[in-house]
Amino acid sequence: MEVHRPQKRASSSDVVSNATIPLYLTAPPMEVRLEEFELFAIDRLRVLKAVSDGLARGKNPKEMDNLVDNSWKEHMTVPDVSEMFNKDIISHFVLRLVYCRSDELKKWFLSMETALFRHRFRLQKPESLKEKLRQVERSLGQNSPDIEPIYYKVPFEEVPDLVAGRRVFIQKGYAFVAGSQLVSLVVTQFRSHLSKALILTNRKWTTTIREREKDRLTPIVEGLSTSYLGPDYSQSNEYADISLKDIDQVAKSSFPLCMRHLFEKLREDHHLKHGGRMQLGLFLKGVGLKLDDALAFWRAEFTKKVGSERFDKEYAYSIRHNYGKEGKRTDYTPYACQKIISSAPGVGDHHGCPYRHFSEDNLRAALGRMGLSSRGMEDVMDKVRNKHYQLACTLTFEAVYGTSCDAGINHPNQYFEESQKILKSKTPTAPV
Amino acid sequence: MTREETENRGEDMVIDVPQTTNPKTKIENPDEFNVHYLRIYYGNMFPYTDIHKWLSYGHDGKHPGCDEYYFGRREFSFTLENDVYLRYKSFKNASAMEDAIKGSFPYKIDIGAVYSVDPDKRHAYAQTGTNVFTPVERELVFDIDITDYDDVRYCCSGADVCSRCWPLMTVAIKVIDTSLREDFGFKHILWVFSGRRGVHCWVCDAKARRLTNEQRSAVAEYFRVYKGNENNARKVALMGHSLHPFLARSYGDFLQKFFERDLQATQSIFSSKEKYEKILEMISDEDIQSELREKWENSARSSLSEEDISRTRWEQLKSTLQSKKQKSAFSLMNLKIPVLLSFNLVSNVPGSNAAEVSKQMNHLLKAPFCVHPKTGRVCVPIDPNNCDEFDPLAVPTLPQLIEEINSGGSKMDVDDDVSERNLLGRSIKFFRSSFLEPLLKSCKEEIESSYNTKIEKSKDSFSW
Ligand code: SF4
Ligand SMILES: [Zn+2]
Numbered sequence: 050m051e052v053h054r055p056q057k058r059a060s061s062s063d064v065v066s067n068a069t070i071p072l073y074l075t076a077p078p079m080e081v082r083l084e085e086f087e088l089f090a091i092d093r094l095r096v097l098k099a100v101s102d103g104l105a106r107g108k109n110p111k112e113m114d115n116l117v118d119n120s121w122k123e124h125m126t127v128p129d130v131s132e133m134f135n136k137d138i139i140s141h142f143v144l145r146l147v148y149c150r151s152d153e154l155k156k157w158f159l160s161m162e163t164a165l166f167r168h169r170f171r172l173q174k175p176e177s178l179k180e181k182l183r184q185v186e187r188s189l190g191q192n193s194p195d196i197e198p199i200y201y202k203v204p205f206e207e208v209p210d211l212v213a214g215r216r217v218f219i220q221k222g223y224a225f226v227a228g229s230q231l232v233s234l235v236v237t238q239f240r241s242h243l244s245k246a247l248i249l250t251n252r253k254w255t256t257t258i259r260e261r262e263k264d265r266l267t268p269i270v271e272g273l274s275t276s277y278l279g280p281d282y283s284q285s286n287e288y289a290d291i292s293l294k295d296i297d298q299v300a301k302s303s304f305p306l307c308m309r310h311l312f313e314k315l316r317e318d319h320h321l322k323h324g325g326r327m328q329l330g331l332f333l334k335g336v337g338l339k340l341d342d343a344l345a346f347w348r349a350e351f352t353k354k355v356g357s358e359r360f361d362k363e364y365a366y367s368i369r370h371n372y373g374k375e376g377k378r379t380d381y382t383p384y385a386c387q388k389i390i391s392s393a394p395g396v397g398d399h400h401g402c403p404y405r406h407f408s409e410d411n412l413r414a415a416l417g418r419m420g421l422s423s424r425g426m427e428d429v430m431d432k433v434r435n436k437h438y439q440l441a442c443t444l445t446f447e448a449v450y451g452t453s454c455d456a457g458i459n460h461p462n463q464y465f466e467e468s469q470k471i472l473k474s475k476t477p478t479a480p481v
Numbered sequence: 157m158t159r160e161e162t163e164n165r166g167e168d169m170v171i172d173v174p175q176t177t178n179p180k181t182k183i184e185n186p187d188e189f190n191v192h193y194l195r196i197y198y199g200n201m202f203p204y205t206d207i208h209k210w211l212s213y214g215h216d217g218k219h220p221g222c223d224e225y226y227f228g229r230r231e232f233s234f235t236l237e238n239d240v241y242l243r244y245k246s247f248k249n250a251s252a253m254e255d256a257i258k259g260s261f262p263y264k265i266d267i268g269a270v271y272s273v274d275p276d277k278r279h280a281y282a283q284t285g286t287n288v289f290t291p292v293e294r295e296l297v298f299d300i301d302i303t304d305y306d307d308v309r310y311c312c313s314g315a316d317v318c319s320r321c322w323p324l325m326t327v328a329i330k331v332i333d334t335s336l337r338e339d340f341g342f343k344h345i346l347w348v349f350s351g352r353r354g355v356h357c358w359v360c361d362a363k364a365r366r367l368t369n370e371q372r373s374a375v376a377e378y379f380r381v382y383k384g385n386e387n388n389a390r391k392v393a394l395m396g397h398s399l400h401p402f403l404a405r406s407y408g409d410f411l412q413k414f415f416e417r418d419l420q421a422t423q424s425i426f427s428s429k430e431k432y433e434k435i436l437e438m439i440s441d442e443d444i445q446s447e448l449r450e451k452w453e454n455s456a457r458s459s460l461s462e463e464d465i466s467r468t469r470w471e472q473l474k475s476t477l478q479s480k481k482q483k484s485a486f487s488l489m490n491l492k493i494p495v496l497l498s499f500n501l502v503s504n505v506p507g508s509n510a511a512e513v514s515k516q517m518n519h520l521l522k523a524p525f526c527v528h529p530k531t532g533r534v535c536v537p538i539d540p541n542n543c544d545e546f547d548p549l550a551v552p553t554l555p556q557l558i559e560e561i562n563s564g565g566s567k568m569d570v571d572d573d574v575s576e577r578n579l580l581g582r583s584i585k586f587f588r589s590s591f592l593e594p595l596l597k598s599c600k601e602e603i604e605s606s607y608n609t610k611i612e613k614s615k616d617s618f619s620w
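Chains B and S are the protein sequences, given in the same order.
Each residue of the first sequence is one higher than the last, beginning at 50 in this note's numbering.
Each residue of the second sequence is one higher than the last, beginning at 157 in this note's numbering.
Since the hints were made in silico from the structure, they are not lab data.
Treat the hints loosely; a few may be bogus.
Said to hold, decoys possible - Pair by pair, the computed Cβ-Cβ distance ranges are:
1. B/R252 <-> S/E416: 55 to 65 Å
2. B/E271 <-> S/D443: 50 to 60 Å
3. B/S408 <-> S/R449: 31 to 41 Å
4. B/T75 <-> S/D443: 56 to 66 Å
5. S/E450 <-> B/G420: 25 to 35 Å
6. B/S422 <-> S/D443: 20 to 30 Å
7. B/D118 <-> S/K434: 41 to 51 Å
8. S/P401 <-> B/T75: 36 to 46 Å
9. B/E260 <-> S/E604: 41 to 51 Å
None of these values were measured; they are calculated from a predicted model.
Every residue gets a Cβ at the ideal spot worked out from N, C-alpha and C, and that includes glycine.
When you get a sec, could you build the whole thing from the sequences and use the hints?
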């Protein structure tokens, strides 16, 4: 695979043109436009993230089939079949580069690609065809629809998932795999092939590609694994338009736990350290607090502690800066969950994600204040223990507002907006 | 004549479980267990050659197909007297291992994986940039602790064990050992007493040593009945209409009898509210839960013995589930509950913590024939075919062993002669005859055959 800048793509009509699932055995000799290199990868990443989210929520295989089907249609489908095949291949190989770079990345990619493959494979089984075959069987008087006549005898190691679920009979080291379970065999092969391939890719990456592509692909590759894929919350919109006077009320009703905590601490201590000011400040900008209101808001608290002169001198600048009114005038975007979760708050800091950074006792107390039942609390704590912090936040959201949030929480501003949508739809003519 | 040959003659394979010691003699007193005893033990009694032979898996340099660096790539770790913990130690051969152990008299010796390169020199390889230091082989191991069964253990708490609760361990050994052999087809399985309150299982077949982490956890999952963790009520998993052959066999062959007869007698697991609540929690159908709870709460006063109350309630539980058969669409599943419950309680094999050990290749596990630093007991092998007779409290402690040698005047030089009259000697003998010799035999065969294939292949490549 070569990456090119030219606008025109060499024809790839030699590619098989139906909806097959590639095994990604070799990188195809095709040219890829630089924009596509990144865009395709991002689209695939959206699918993989949806898969990871579905798995973490413990969705059953049937639900996962649907999830994969929908998310693939949404992100990876393009009208032209051969284009789609190319997109599938290209995006996969780009992400191999992205995710070969550490054991942790490798592990994630391997599980998600394997799950994706498994469900795409399952989806392929054409139900209609099966029904027709049944008809033929019945017409011949072989009415045995539920009996799987053929079993494959394979070493148990080749079907670990069937063994783990006790879904096969095992005897003296061999598993008896029914025809309908063959997917498991294919998936194991897929997985072991990909696992080895990633090691090789890693070697190539560290020895040559990284250096050779340092001005072109390397920055893209390095950015992709940590990229935030949700919408941009740097500009306020319909649901994000709050003013100073209802900020307390809104904080109570619609802030995610991380922001609620910062907000309460600020009201309590009349001060926040840098990390907290950034995290909360940018969030507030995202929910539509105007610069003047923001200055007034921070001033009101800080001056209780440091005096107004010092506030103007030391703090006002950075608030204006966040709004792009000072310094380089770049617009700072509000932090996404991923960034907040991976921050490392020190002593006296209040920023970060409570699901990750609070002690179990503190988190339980905070969730209790949000009105979670003990049942809801256990569900949340279970996700926390498994390090699924965003999912824990999503479950909190679902418990607090009593609706499901299938997209999952990826951004505090998204949490806020979803919550506002729900609250506003409940009280259509909210009197001001 | 080599030693193996000598011993092979006319040996019967039955282990003698040491019973000459007084089970009451415990040494929990750390003063009694000190480096002085370890010096004697590791100086004269520890079976270095056997351990080395075992972990060499036939790579003894005698066959051209041998990998002479195999043993040297095995990780050992030592825990020293003052809690100093040394990882990634490795030894070229038996005498290097012996020297290292005699040089520091570790309180604990752990065995890890075989790595791609000598663990001791891993830093040197790291300099070369490529990621080559990685585990390549590791026995499939299970670490079962008596505290995994605390839900049905009322005689002891924490680290204590007694003759009333140890049978829980015994039945777990039977269930797992049978499945490892019958279902998974493994042959070279070593069970070892952990020295205090549990057992370790080492599956040493070549195939087992090469399992990936994913395959390891598949085996562990195969044994597991409930899902959930200690903070989540564990619900019995209900799926399908009949039992998997593994569950059916385990229940029929071991669990039912043990659960209904022995466990009711020793632990009376339904006799009080505190006890039966733990079990009710595992039934996912809330109607059944409350129906039984009501019945039992109202029958609190009775002249029956605890054991009889417990038995009655178990029967009630079973018949309640049966009676639901008509009403519930999931009737057949209800019949499974008793089976699964007893499985869950009696044989929740890799308990929450134990599972981890079996899932990761690079995990460490205490070496057989080590001495448990708290009890002073030697980690001797257990014969799975006679595990009912094994009494953890009768396992010799170091002071007892040493005393025995001193008084009995029995010559204790493992490398030349293993005395049958000696407690440790009998364990070593059992280790050799029932585990080591068959293992080495099949290792040699494997080395031979893979060597021949290689030769064949190279011939092919010449002719092509
Ligand atoms: S998951 Fe995101 S929104 Fe929720 S608390 Fe953590 S950082 Fe905030
Ligand atoms: Zn006991």
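Here is how each hint holds up against the structure:
The hinted window of 55 to 65 Å between B/R252 and S/E416 holds, with their beta carbons roughly 59 Å apart. At about 56 Å, the beta-carbon gap between B/E271 and S/D443 stays in the expected band of 50 to 60 Å. For the hinted restraint 31 to 41 Å between B/S408 and S/R449, the CB-CB distance of approximately 35 Å keeps it satisfied. Checking the proposed 56 to 66 Å range against B/T75 and S/D443 shows it holds: the Cβ atoms sit about 58 Å from each other.
A hinted range of 25 to 35 Å holds for the C-beta pair S/E450 and B/G420, which are about 32 Å apart. Checking the proposed 20 to 30 Å range against B/S422 and S/D443 shows it holds: the Cβ atoms sit about 21 Å from each other. The hinted range of 41 to 51 Å is satisfied by B/D118 and S/K434, whose Cβ atoms lie roughly 42 Å apart. Under the hint 36 to 46 Å, the C-beta atoms of S/P401 and B/T75, about 42 Å apart, fit the expected range.
For the hinted restraint 41 to 51 Å between B/E260 and S/E604, the CB-CB distance of approximately 47 Å keeps it satisfied.
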